[in-house]
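Chemist: Take the sequences, apply the hints, and build the full model.
In order, the protein sequence lines correspond to chains A and B. All the letters of the first sequence, read from the start, carry residue numbers 1 to 328 under our numbering. All the letters of the second sequence, read from the start, carry residue numbers 1 to 325 under our numbering.
Since the hints were derived computationally from the structure, they do not count as laboratory data. Where is the CB? At the ideal position from N, CA and C, for every residue including glycine. Check before you lean on any hint, since a few could be wrong.
Unchecked claim - What follows is a list of derived Cβ distance ranges for each label pair:
| id | chain 1 | residue 1 | chain 2 | residue 2 | range |
| --- | --- | --- | --- | --- | --- |
| 1 | A | 234 | B | 280 | 55 to 63 Å |
| 2 | B | 275 | A | 256 | 46 to 54 Å |
| 3 | B | 282 | A | 302 | 55 to 63 Å |
| 4 | A | 195 | B | 30 | 36 to 44 Å |
Stated by the list, open to error - Facing chain A, according to a computed beta carbon distance under 10 Å, are these residues of chain B, among others:
| id | residue |
| --- | --- |
| 5 | 57 |
| 6 | 62 |
| 7 | 64 |
| 8 | 68 |
| 9 | 89 |
| 10 | 110 |
| 11 | 111 |
| 12 | 112 |
| 13 | 219 |
| 14 | 242 |
To be verified - Chain A residues, not near chain B, derived (Cβ > 10 Å throughout):
| id | residue |
| --- | --- |
| 15 | 60 |
| 16 | 126 |
| 17 | 132 |
| 18 | 155 |
| 19 | 272 |
| 20 | 282 |
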Amino acid sequence: MEAAIKPETDGATLLDLYRQMLLIRRFEERCNALFMQGKIPSTLHLYIGQEAVAVGVCAALKPDDYLTSTHRPHGHALAKGVSARAIMAELYAKATGCCKAKGGSMHVGDMAVGMVPAIAIVGAGAPIAAGIGLSAKMRRSGQVVASFFGDGGANEGALHEAMNMAAIWRLPVIYVCENNLYGASTPVSQVIAVEHIADRAAAYGMPGVIADGNDVLSVREAAREAAERARRGEGPTLIECKTYRLCGHSRSDACGYRSREEEAQWRERDPLLIQSRRILAMNAATQEDLDRIEQEVTAEIDDAVAFAETSPSPRAEDALKDVFWEDR
Amino acid sequence: MAVMRYQEALRLAMTEEMERDANVFLCGEEIGQYQGTYRVTEGLQQKFGPMRVLDTPISEVGIAGLATGAAMVGLRPVAEFMTWSFALSAMDQIVNHAAKITYMSGGRIRCPVVFRGPVGRGGQLSAQHSMSLESWYAHTPGLKVVAPATPADVKGLFKTAVRDDNPVIFMEHTALYPQRGEVPEDPEFTIPFGVAAVRREGADVTVVAYSHMVGVCLKAADLLAQEGIECEVIDLRTLVPLDMETVLTSVRKTNRAVVTQEEWKNVGFAAEVAARIYEQAFDYLDAPVERVGGADVPMPYARNLERAAIPHESDVIEAVRRTMS
Numbered sequence: 001m002e003a004a005i006k007p008e009t010d011g012a013t014l015l016d017l018y019r020q021m022l023l024i025r026r027f028e029e030r031c032n033a034l035f036m037q038g039k040i041p042s043t044l045h046l047y048i049g050q051e052a053v054a055v056g057v058c059a060a061l062k063p064d065d066y067l068t069s070t071h072r073p074h075g076h077a078l079a080k081g082v083s084a085r086a087i088m089a090e091l092y093a094k095a096t097g098c099c100k101a102k103g104g105s106m107h108v109g110d111m112a113v114g115m116v117p118a119i120a121i122v123g124a125g126a127p128i129a130a131g132i133g134l135s136a137k138m139r140r141s142g143q144v145v146a147s148f149f150g151d152g153g154a155n156e157g158a159l160h161e162a163m164n165m166a167a168i169w170r171l172p173v174i175y176v177c178e179n180n181l182y183g184a185s186t187p188v189s190q191v192i193a194v195e196h197i198a199d200r201a202a203a204y205g206m207p208g209v210i211a212d213g214n215d216v217l218s219v220r221e222a223a224r225e226a227a228e229r230a231r232r233g234e235g236p237t238l239i240e241c242k243t244y245r246l247c248g249h250s251r252s253d254a255c256g257y258r259s260r261e262e263e264a265q266w267r268e269r270d271p272l273l274i275q276s277r278r279i280l281a282m283n284a285a286t287q288e289d290l291d292r293i294e295q296e297v298t299a300e301i302d303d304a305v306a307f308a309e310t311s312p313s314p315r316a317e318d319a320l321k322d323v324f325w326e327d328r
Numbered sequence: 001m002a003v004m005r006y007q008e009a010l011r012l013a014m015t016e017e018m019e020r021d022a023n024v025f026l027c028g029e030e031i032g033q034y035q036g037t038y039r040v041t042e043g044l045q046q047k048f049g050p051m052r053v054l055d056t057p058i059s060e061v062g063i064a065g066l067a068t069g070a071a072m073v074g075l076r077p078v079a080e081f082m083t084w085s086f087a088l089s090a091m092d093q094i095v096n097h098a099a100k101i102t103y104m105s106g107g108r109i110r111c112p113v114v115f116r117g118p119v120g121r122g123g124q125l126s127a128q129h130s131m132s133l134e135s136w137y138a139h140t141p142g143l144k145v146v147a148p149a150t151p152a153d154v155k156g157l158f159k160t161a162v163r164d165d166n167p168v169i170f171m172e173h174t175a176l177y178p179q180r181g182e183v184p185e186d187p188e189f190t191i192p193f194g195v196a197a198v199r200r201e202g203a204d205v206t207v208v209a210y211s212h213m214v215g216v217c218l219k220a221a222d223l224l225a226q227e228g229i230e231c232e233v234i235d236l237r238t239l240v241p242l243d244m245e246t247v248l249t250s251v252r253k254t255n256r257a258v259v260t261q262e263e264w265k266n267v268g269f270a271a272e273v274a275a276r277i278y279e280q281a282f283d284y285l286d287a288p289v290e291r292v293g294g295a296d297v298p299m300p301y302a303r304n305l306e307r308a309a310i311p312h313e314s315d316v317i318e319a320v321r322r323t324m325s
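Modeler: And the structure:
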């Protein structure tokens with residue numbers, strides 16, 4: 001089943017979705033530059049190219065809905081409403097970071113906006129999302145949980161156990177597979193025998209939907225239907241978003257395993273390009289409006305970087321705190 | 001006080017905590033309709049309904065993750081492993097997620113989940129159904145590890161586990177389930193973590209134990225008393241947090257120590273306790289600290305082989321004598 005796009009969206013909403021995607025793109029580009037300058041340590045798994053998935057899904061969520069993420073979480077965090085300041089400060093390993101410099105890139109989150117600190121073990125977020133969904137169901141809160149994973153995560157056993165549980169108890173969970181065609185360097189066709197990961201939904205007794213992961217409206221439409229179904233108590237949905245990582249898996253990856261032609265084809269389908277063309281074609285905004293958004297996004301990221309740079313580092317003695325709840 | 005079995009005391013603790021706090025729920029395999037492989041949850045689904053006593057698929061990874069996720073957003077799950085041996089496949093969820101989320105979030109998320117179930121030999125259940133691996137969990141920062149030895153303790157410690165704001169590894173011993181003892185009926189009776197119990201006082205040798213080994217050591221102490229050796233038997237109750245002060249106070253008095261455990265001896269929890277005695281009471285020792293533990297073999301099937309693989313009173317007695325020689 002493929003999600004149909006309903007084009008009734010008003011201009012302001014189209015622009016807002018564009019702005020959110022652009023914020024993620026520019027944030028990630030800035031992170032990459034800061035990493036190359038040695039200002040951000042560790043490694044980074046950038047979300048460049050997949051922005052429509054996070055923004056489209058989060059457009060279907062309410063502020064108090066939950067999201068579980070992966071080792072590639074910056075886009076999810078920004079889309080769910082974690083501040084650019086709190087994420088950037090965390091990447092800088094500053095005490096003002098969203099995890100107080102205990103988590104880093106792979107664990108950014110903020111429960112105040114429903115962003116569960118990212119779960120960087122492939123596939124492991126799926127059962128945790130089921131548990132959060134169970135809590136929502138038991139408390140009759142009406143909340144839903146969006147659980148992101150990749151084509152790599154689709155082959156983890158934890159996902160199988162979780163999707164089965166979510167289905168038998170009709171938990172309000174949306175399992176969102178971001179199929180970017182490569183699990184690190186391994187092509188998905190080499191490790192998955194079915195054509196579509198969404199086809200696996202049938203085995204669990206839940207709907208499996210394919211969305212154009214580079215078109216934010218396609219993703220949002222699929223996520224809306226899944227969220228409504230979840231809120232009606234009808235259980236989980238698996239959405240497979242077909243997309244492409246326009247950057248390497250991590251900062252050490254030069255993408256030697258894929259062709260420049262393939263990359264060029266996907267650049268033509270850049271989610272920002274698709275959305276900006278749509279906006280201009282529908283006369284929802286002018287190029288000047290888009291330029292203004294670009295400036296606003298740049299200013300927001302400049303502010304986040306300045307905040308991170310001027311924030312204090314954690315104190316060494318803080319390393320021993322937070323192991324247990326009472327030792328914070 | 002009422003006399004009841006260990007498993008009944010545990011069930012009573014569960015019932016009281018579920019009545020006290022609507023956020024407490026149980027999940028696991030065969031715990032509801034079947035009422036538990038060891039009957040620990042007998043009658044609870046009938047009393048609290050299928051949502052609060054949730055029968056799960058045979059999915060240990062799923063159960064552990066489900067409980068962890070539910071705990072992160074306000075519930076207090078009690079997840080049962082049919083035996084702790086089956087928790088191995090769920091190790092990632094326990095160690096990488098439940099144990100770390102409070103720390104990784106900079107102290108912003110609490111994860112009040114209890115993982116519980118039976119440990120130890122179940123009676124010729126052989127290699128894959130007889131483990132406890134408590135030292136693996138005690139090794140992991142962020143987990144509390146509880147190993148009750150008596151019916152009163154299993155009640156009081158379980159209630160503390162449910163009320164704790166951290167993941168708790170709660171290990172019941174299969175051989176203890178049928179044992180009877182006096183149990184306080186007060187629903188506010190709890191036992192704090194990190195407070196060891198001196199089960200028997202004695203001036204000659206400190207004997208440290210937990211879980212099923214407490215009873216083994218007490219029997220050994222009775223036999224040794226007949227030849228004039230007085231053992232002080234300490235029940236650690238909780239491995240994390242660990243009450244070393246009670247152990248050290250005793251060692252400073254007796255100047256000798258035997259540390260016991262039923263699980264594999266190599267890199268076991270007894271080694272940690274022995275090392276801390278050396279670090280913190282070396283000058284008080286009149287003899288090397290002795291360790292008693294299980295044989296470093298997968299649990300065998302035949303009765304005589306199984307007996308040979310686990311420690312008995314005679315092993316404790318020999319170790320005590322070595323410290324006295």
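Chemist: Which of the listed hints are broken here?
Modeler: Checked against the structure, the hints that fail are numbers 13, 14, 16, 17, while the rest are satisfied.
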